[in-house]
Amino acid sequence: MPAAPKTRREILGGCLGLLAAEACGQGREQTGKSPSGTQPTGASRVVVAREPALRTGGSVDSKRLAALLDRAMQAFFNVDKPVEAWRKVVRPGEVVGLKVNCLAGKGASTHPILVEIICERLQEAGIRARDILIWDRLCDDLESAGFRIATGRDRIRVMGNDLLGYEDELSTFGSAGSLLAKALTRISDAVINLPVLKDHGIVGVTLALKNLFGAVHNPNKYHPNVGDPYVADVYMLPPIRQKVRLAICDAIDGQYEGGPSYMPQWSWPFNGLLVARDPVALDRIGWQIIEDERARRGMKPLREVGREPRWIRTAARHGIGTDDPNRIQRIEV
Amino acid sequence: MGEALDRRTFLKAASTLPCMRALAADDARYVAEARFWEKLPHRKIKCKLCPRECVIDDRERGYCGVRENRGGVYYTLVHSRVCAANVDPIEKKPFFHVLPGTLSFSIATAGCNVNCKMCQNWDISQVRPEQVRSIYMPPREVAALARQNRCATVAYTYTEPVIFYEFMVDSAEAVRAAGVRNVVVTGGYITTEPLKELCKRVDAVKVDLKAFTEKFYREVVNGELKPVLQTLVTLRKLGMWTEIVYLVIPTLNDSDQEFRQLARWVKSELGPEVPLHFTRFHPQYLLKNLPPTPVKTLERAKAIADAEGLHYVYVGNVPGHPGENTFCPKCRRVLIEREGFFVRGMHLKQGRCPGCRHPIPGIWG
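Top line first, the protein sequences correspond to chains A and B.
In terms of numbering that gives the first Met the number 0, the first sequence opens at residue 0 and continues consecutively.
In terms of numbering that gives the first Met the number 0, the second sequence opens at residue 0 and continues consecutively.
A few of these clues could be false.
Claimed, not checked - List time: in silico DSS-like cross-link candidates among lysine-lysine, alpha-carbon distance up to 30 angstroms: (1) B/Lys47 x B/Lys287; (2) B/Lys116 x B/Lys266; (3) B/Lys236 x B/Lys225; (4) B/Lys47 x A/Lys299; (5) B/Lys45 x A/Lys299; (6) B/Lys91 x A/Lys105; (7) B/Lys116 x A/Lys181; (8) B/Lys45 x B/Lys266; (9) A/Lys299 x B/Lys38; (10) B/Lys38 x B/Lys195; (11) B/Lys199 x B/Lys47; (12) A/Lys181 x B/Lys287; (13) B/Lys91 x B/Lys225; (14) B/Lys214 x B/Lys236; (15) B/Lys287 x A/Lys105; (16) B/Lys43 x A/Lys299; (17) B/Lys225 x B/Lys45; (18) A/Lys105 x B/Lys348; (19) A/Lys181 x A/Lys299; (20) B/Lys199 x B/Lys38.
Said to hold, decoys possible - Chain B is faced by these chain A residues, among others (derived, beta-carbon under 7 angstroms): (21) Gly173; (22) Gly176; (23) Gly200; (24) Asn217; (25) Asn224; (26) Gly257; (27) Asn325; (28) Gln328; (29) Arg329.
Everything labelled a hint here was simulated from the structure, so no lab data went into it.
Just so you know, even glycine gets a beta-carbon here, dropped at the ideal spot from N, CA and C.
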């Protein structure tokens, strides 16, 4: 039986969908050949960059971290210079929001030193300091992770949603109904998602997708049923999908158990960064890294302890990205 | 280019930063150690206040959003933190068998332990306390304001009083000491031990029974039916005056079968004298796609519950409907005439029908 001709609405809807996907910069990658070999057709790329000698005297060496970030960005975008990579993410004149993850304080939050380097790179790519906003849910969380609150208009701002506020109108998708942070909706043109690599005692893991819980007023409502489908549904809220352009997961330290709080006994130095446009693919890879570490330590997989992050699959079903390992190109640099 | 902070917002943020942050979650006036929780390893805690039994990491909050783990100790963030305070007719709660025609000093804090898609107060129930404007109103002031406003009762209502349990209990003691009664308007999603303690201090409880299927509770309420039914049974055993409200939502909980099962359960487990209010739904929050409940549906629900033998079945949110009135179950005489939230005629004599002297259950004086 021949397929029914498409209606005008369906054709227009499809076109709009393509435009939206392009604007989001998410889903399948079109960034050229992989430095490490052939890229599967339509695959999502995840760069896993590591530097065993990242630390000197126990603390992170900023120059080596900068070099690691540059290497990761160049590999992901297949370019020769870091600035070329950043110009594929942001344009001069845009306001760029850096969504950090600071709930756990020092030890299991986005490292300020990494954020500082990203801010330098953004400025090299033409973003003015005053057009960079580092944000998370609460000022207290930011401070406990080592950031200093800054509200001045002539420099990089660091502020929590408790200062910037939320929209008055609900945004909804599926199970999600939330007021979105103005940092996302009104201030940022583009958002760079800066999660951390860690276990989560309720929803399994917390990586790129879940970090956007920090953009809604009611994250406490989204933890039942191991976070499924809530994590995926929240990410589907239009401003999130439209504005988050890149995820750089701070995997300098990983935590394979006891999250989201910082538990040093379950933390290990991964000395790495994960970079992807596709948050689903990043989460799939990050989850695997955590599972590998759990296995290495003789711990049960998350599925066996009732914390398998099924919402990653749900996010893939929503079309946010891919969780199929055969369609994810993991690029180790 | 994205919108930068406007001047007003910027100035506000810059100039009031310390002040705003003092008003945020850790304002010491509102923080008190919570009750009904247990310590778990690694600074985690388990909340035992409601059947959800949230396991909460350090620096995290429970599902309600108002109780926080701080270093392995659990705190309420909403003690004396009132985000809504009004003097309402008690019929608005609704209580139809508690001091008809009197006023009730009605208060709430932010937060809720469920997330009903039809919530009419979602802007205070589904937010964290620091996200709404609140005032400091300690228990003694609750009692004083109730008396000052000539209220016969204080109602803990609007959001979900279970989540501000400590404040409610402390206030109830102060209110009772001031000679004013306490009434609670709740979804009934609470564990048995705190419920029993609460009942020592309050006079009446209205339970929102949101449906009679687990499916509805799971999909629309984000909760469970069974613990709510357990709450109703416990209230009955404790002799607490209880009324039930059932919000009838088109297509979701409005079948004859569900009405009948509900009425039979109420009659067999609680008795025929428990008032049952079928109230009209209006599109709200996450259920804006459904129409308001047809009045005929409410009349059908009432007819089924009447036929099953319940004595006091009401129609609500339909001002002027005869189903708002109280009738004598024995001689069918009109005992209390109502229109909306107002009593138009009170014919009860000392809690009895003036015609046949049949006793009418409730709190009448």
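To see whether the hints hold, each was checked on the structure:
1. B/Lys47 x B/Lys287: It is violated: about 34 angstroms lies between the C-alpha atoms, which goes past 30 angstroms.
2. B/Lys116 x B/Lys266: The hint holds at about 28 angstroms.
3. B/Lys236 x B/Lys225: 17 angstroms, holds
4. B/Lys47 x A/Lys299: Judged against 30 angstroms, a Cα distance of about 28 angstroms means the pair holds.
5. B/Lys45 x A/Lys299: Answer holds: B/Lys45 to A/Lys299 is near 23 angstroms, not above 30 angstroms.
6. B/Lys91 x A/Lys105: 50 angstroms, violated
7. B/Lys116 x A/Lys181: 24 angstroms, holds
8. B/Lys45 x B/Lys266: 36 angstroms, violated
9. A/Lys299 x B/Lys38: 24 angstroms, holds
10. B/Lys38 x B/Lys195: 22 angstroms, holds
11. B/Lys199 x B/Lys47: Status holds; Cα separation ~19 angstroms.
12. A/Lys181 x B/Lys287: OK: A/Lys181 and B/Lys287 at ~24 angstroms, within 30 angstroms.
13. B/Lys91 x B/Lys225: Roughly 27 angstroms separates the two Cα atoms, so the pair holds.
14. B/Lys214 x B/Lys236: With a Cα-Cα distance of about 27 angstroms, the restraint between B/Lys214 and B/Lys236 holds, given a limit of 30 angstroms.
15. B/Lys287 x A/Lys105: 43 angstroms, violated
16. B/Lys43 x A/Lys299: OK: B/Lys43 and A/Lys299 at ~20 angstroms, within 30 angstroms.
17. B/Lys225 x B/Lys45: At roughly 21 angstroms apart (the allowed maximum being 30 angstroms), B/Lys45 and B/Lys225 satisfy the hint.
18. A/Lys105 x B/Lys348: 69 angstroms, violated
19. A/Lys181 x A/Lys299: 40 angstroms, violated
20. B/Lys199 x B/Lys38: Measuring from Cα to Cα gives roughly 27 angstroms; hence the hint holds.
21. Gly173: The hint is violated - A/Gly173 has no Cβ within 7 angstroms of chain B, the shortest such distance being about 10 angstroms.
22. Gly176: With Cβ-Cβ at 5 angstroms, under 7 angstroms, it holds.
23. Gly200: Holds, about 6 angstroms.
24. Asn217: Because about 6 angstroms separates A/Asn217 from the closest Cβ in chain B, which is inside the 7 angstroms limit, the hint holds.
25. Asn224: Because about 10 angstroms separates A/Asn224 from the closest Cβ in chain B, which is outside the 7 angstroms limit, the hint is violated.
26. Gly257: Check passed: Cβ of A/Gly257 comes within 6 angstroms of chain B, closer than 7 angstroms.
27. Asn325: Violated - the Cβ of A/Asn325 stays beyond 7 angstroms from chain B, reaching only about 34 angstroms at its closest.
28. Gln328: 32 angstroms, violated
29. Arg329: 30 angstroms, violated
The structure fails to meet hints 1, 6, 8, 15, 18, 19, 21, 25, 27, 28, 29 from the earlier list, while all remaining hints are met.
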